[in-house]
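Each protein sequence line maps, in turn, to chains B and E. Everything in the first sequence is counted per my numbering, starting at 543 for the first residue and increasing by one. Everything in the second sequence is counted per my numbering, starting at 197 for the first residue and increasing by one.
What the hints contain is simulated information worked out from the structure, not anything from laboratory work. Think of the CB as a built atom: it goes at the ideal place given N, C-alpha and C, for glycine as much as any other residue. Treat the hints with care, since some could be wrong.
[As the list claims (entries may be wrong)] Now the in silico label distances, taken between C-beta atoms and shown as ranges:
hint, chain 1, residue 1, chain 2, residue 2, range
1, B, GLY788, E, PRO242, 28 to 36 Å
2, E, ALA419, B, LEU592, 41 to 49 Å
3, E, ARG404, B, ASP658, 52 to 60 Å
4, B, GLY598, E, GLY297, 53 to 61 Å
[To be verified] One side of the interface only, derived from the structure: several residues of chain B facing chain E at Cβ under 10 Å:
hint, residue
5, ARG680
6, SER714
7, ILE719
8, ARG771
9, GLY776
10, LEU777
11, PRO778
12, PHE786
13, ALA787
14, ILE794
[Claimed, not checked] Rough simulated footprint, nothing fancy, chain E against chain B, three-plus residues with beta-carbon under 8 Å:
hint, stretch
15, 730-744
16, 748-755
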Amino acid sequence: MRSVDEAAAGGGGAVALERARGHARVVFRRTDGRDRLDTFYQQGCAKVRLPRVEPGRPPEAVLINTSGGITGGDVLLYEVEAQAGASLVATTQAAERIYRRSAGIGVVESRLAAGDGARLDWLPQETILFDGSALSRRLEVDLGAGAAFTAIESLVFGRTAMGETVRDVALSDRWRIRRQGRLVYADGVAIEGDAAAVLEGGATGGGARAVATILQVAEGAAERRDAARDLAAGLPGEIGVSVFAGLIVFRILAVDGRALRAATVPILEFLCGRPLPRVWHC
Amino acid sequence: MAMAGCTATITGTIMADGAVAPAALEDRVDPAALHRLLAWLSPSFPVGAYTYSHGLEWAIEDGTVATAAYLRAWIGALLAHGAGRSDAILFRHAHAAAARGDGAGLAAIAELAEAFQPSAERRLEANAQGRAFLGAIRAAWDAPALEGLAAALEPLEGPTYAVAVASAAAAHGVPVEPALHAFLAAFVANIVSAGIRAVPLGQTDGQRIIAGLGPEVAAAVAASRGRPLDDLGGAAFRADIASMKHETQYTRLFRS
Chain B
543 MRSVDEAAAG GGGAVALERA RGHARVVFRR TDGRDRLDTF YQQGCAKVRL PRVEPGRPPE
603 AVLINTSGGI TGGDVLLYEV EAQAGASLVA TTQAAERIYR RSAGIGVVES RLAAGDGARL
663 DWLPQETILF DGSALSRRLE VDLGAGAAFT AIESLVFGRT AMGETVRDVA LSDRWRIRRQ
723 GRLVYADGVA IEGDAAAVLE GGATGGGARA VATILQVAEG AAERRDAARD LAAGLPGEIG
783 VSVFAGLIVF RILAVDGRAL RAATVPILEF LCGRPLPRVW HC
Chain E
197 MAMAGCTATI TGTIMADGAV APAALEDRVD PAALHRLLAW LSPSFPVGAY TYSHGLEWAI
257 EDGTVATAAY LRAWIGALLA HGAGRSDAIL FRHAHAAAAR GDGAGLAAIA ELAEAFQPSA
317 ERRLEANAQG RAFLGAIRAA WDAPALEGLA AALEPLEGPT YAVAVASAAA AHGVPVEPAL
377 HAFLAAFVAN IVSAGIRAVP LGQTDGQRII AGLGPEVAAA VAASRGRPLD DLGGAAFRAD
437 IASMKHETQY TRLFRS
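My request is simple: use the sequences and hints to build the entire structure.
This is the structure we're talking about:
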C-alpha cells in the first residue's frame, strides 16, 4: 500500500508546509457472483462512504475530503481498486475546491486499479481552482486484461458563476494509464501564472474557463466512435472525440462549470450506459 | 559514443531584440553537427512533413486562424503550451538516454511520448514521421550507436518524431541544445508552410512569422531545461480538439 508520505514526496517540497492529510483506500472483489467489499481504510481528512445502490447496480464509493477543500501543503491519497471480475464506481461527494494558498502546493494522488475483466468507473466531480491556488495532481491507473475503465477529470478556473477570474495559479495534472503493464495513455495539464490569459488563446482555451477530459478503455470502445461524434455534435461547448489504441478520448471546453456539466453528463452516461451516481445531482 | 568531434559551447547571450539566444547556438556549432541538423530537419528530408498540419487545417476552417497574426499566435501557443513544450521535454530526456546508450530507458521515454499523443491524427503525425526519420537515418547516415537503440524502439508504432530526432542526434554526437532548437524551428517552419498553403498566406508573411517566432523557439528550448518527465503537459486544448475535429473535416489537404 502506498503511503501519504510517498505521495507528498511526489509533490515537490509540499511536506514542510503540510496542513491537512488524508488517505483512503477501498477495494472490491468478486466473490460468488457478487461484488463485495475487500478492503476499507480511511485516515485523516479522507473518508469513504458506501451508499446503498439500486439492485443490479455496481457498488459506489463516494470519496469525501472532510477538510472542505485543498490549499498549499495539503496531501490527499486515494486508492481505489476493482479486483478481477468486480465492478465499482468511484466518485466524489462534491466539487473539490482548491483555495488560495499562503504557501506550498496541494497534492492529490489517485491510484486506481482494475483487475482482469473488472470494470471501474472513475467519476470525480469537478475541481474548482480559486485565484492564487496551487495544485499538483496525479492519476495512476493499472488495468488488467479485458478490464473496462471510464474516467473524467474536470477543471474549472475560478468560481465562474460569480464571475471570478483566475490570474494566478500553479497547476500540474498528469494521467498515466497502463494496460497489462504497457502505457496506453498519458496526459498532462500545466498552467503557471495567469490562467485566464493562457486560456484566452485560439490554440489553448479560446476564452473557455472550464475543461474536461473523458476517457474510456474498453472492449468495443473504437466501435462507438461514430455514435460518440453524433452525441458530441449536439452538446454545448467545444468537444473533440478521437479513438486510438483501443480507447476513446473526449476533450471538452466550456465557458463555465455549468456549461461543462451540460456536456460531460450526457457523455459519461453514454459511455457508462447508466445514470451518474446520485451525488452528481445533489 | 559514436562520432566524436561535434561540440558546442554552452553559453547564452542577450540578442539585440532582447531575446536570450539559446546556449550553444550563438557560438560555434561544429560543422559536422550543423551539416546533420540542416539536412535532417530540412523540408526535403523524407518524412513527409508537408502532409501534416498538426490540426491547423481545422483551425483555418473554423476561422480561428484567418490571418498571419493569428497563425503566429497559434504557433506561439503550441511552443509555450502545446506539443512544442512537451516535445522539448521528451527530446531532452530521449537525447540523454540515447547518449548514454540506455536502450531500455529510451524505450520507456518513447512509450511515454507515444502515449502522450492526444488524438488519432496527432499519433499518426508523430509516429509516421518518427518511423520514416529513423528509417532514413539508418539507411543513409551511418552510426553504429543508433542500431542498438533502434532495436529497443522496435516494439513501438513510432517512435515519435521528437524521440527519433533526439536519438539520432545523440547517436551522432550532436549536442542537445542545437538539436532541440533545430527540431522546434523545423516544427514552426512546417506549420507555417501548412498555413501558407491552407489559409492561404504569402511567402513573405510566412517568413515574417518564422523570423518573429525566433525568440519563442529559444524560450521553449530554455524552458524545457532541467524539467522532469513529470512536468509534461500544457494547455493547448483547442489545438488538441482541432486535431480531433480534423478527422471528420470535409475537405482536407493534410493528414493531421
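Okay, the hints, checked on the actual structure:
Between GLY788 (chain B) and PRO242 (chain E) the beta carbons are some 30 Å apart, a value that agrees with the proposed interval 28 to 36 Å. For the hinted restraint 41 to 49 Å between ALA419 (chain E) and LEU592 (chain B), the CB-CB distance of approximately 45 Å keeps it satisfied. The given range of 52 to 60 Å is respected by ARG404 (chain E) and ASP658 (chain B), whose C-beta atoms sit roughly 57 Å from each other. For GLY598 (chain B) and GLY297 (chain E), the hinted distance range of 53 to 61 Å is satisfied, since their beta carbons lie about 56 Å from each other.
With a least beta-carbon distance of about 8 Å to chain E, the hint placing ARG680 (chain B) at the interface is held under the 10 Å criterion. Checking SER714 (chain B) against chain E: minimum C-beta separation of about 7 Å stays under 10 Å; hint holds. The beta carbon of ILE719 (chain B) comes within 8 Å of a beta carbon in chain E, closer than 10 Å, and the hint placing it at the interface holds. At its closest, the beta carbon of ARG771 (chain B) sits 7 Å from a beta carbon of chain E; the interface hint therefore holds under the 10 Å criterion.
Here the hint on GLY776 (chain B) is broken, as its CB sits about 15 Å from the closest CB of chain E, past 10 Å. A cut of 10 Å between beta carbons decides the hint on LEU777 (chain B): the least distance to chain E is about 13 Å, and the hint is violated. Using the Cβ-Cβ criterion of 10 Å, the hint placing PRO778 (chain B) at the interface with chain E is not satisfied: the shortest such distance is roughly 14 Å. Interface hint at PHE786 (chain B): satisfied, since its Cβ lies 4 Å from the closest Cβ of chain E, which is below the 10 Å cut-off.
A cut of 10 Å between beta carbons decides the hint on ALA787 (chain B): the least distance to chain E is about 8 Å, and the hint holds. Nearest Cβ of chain E to the Cβ of ILE794 (chain B): about 8 Å, under the 10 Å cut. The hint holds. Counting residues of the stretch 730-744 of chain B whose beta carbon lies closer than 8 Å to any beta carbon of chain E gives 8, which meets the minimum of three for the stated coverage. Under a criterion of three residues with beta carbons nearer than 8 Å to beta carbons of chain E, the stated coverage of the stretch 748-755 of chain B is upheld, 3 such residues being counted.
Checked against the numbered hints above, the structure violates hints 9, 10 and 11; every other hint is satisfied.
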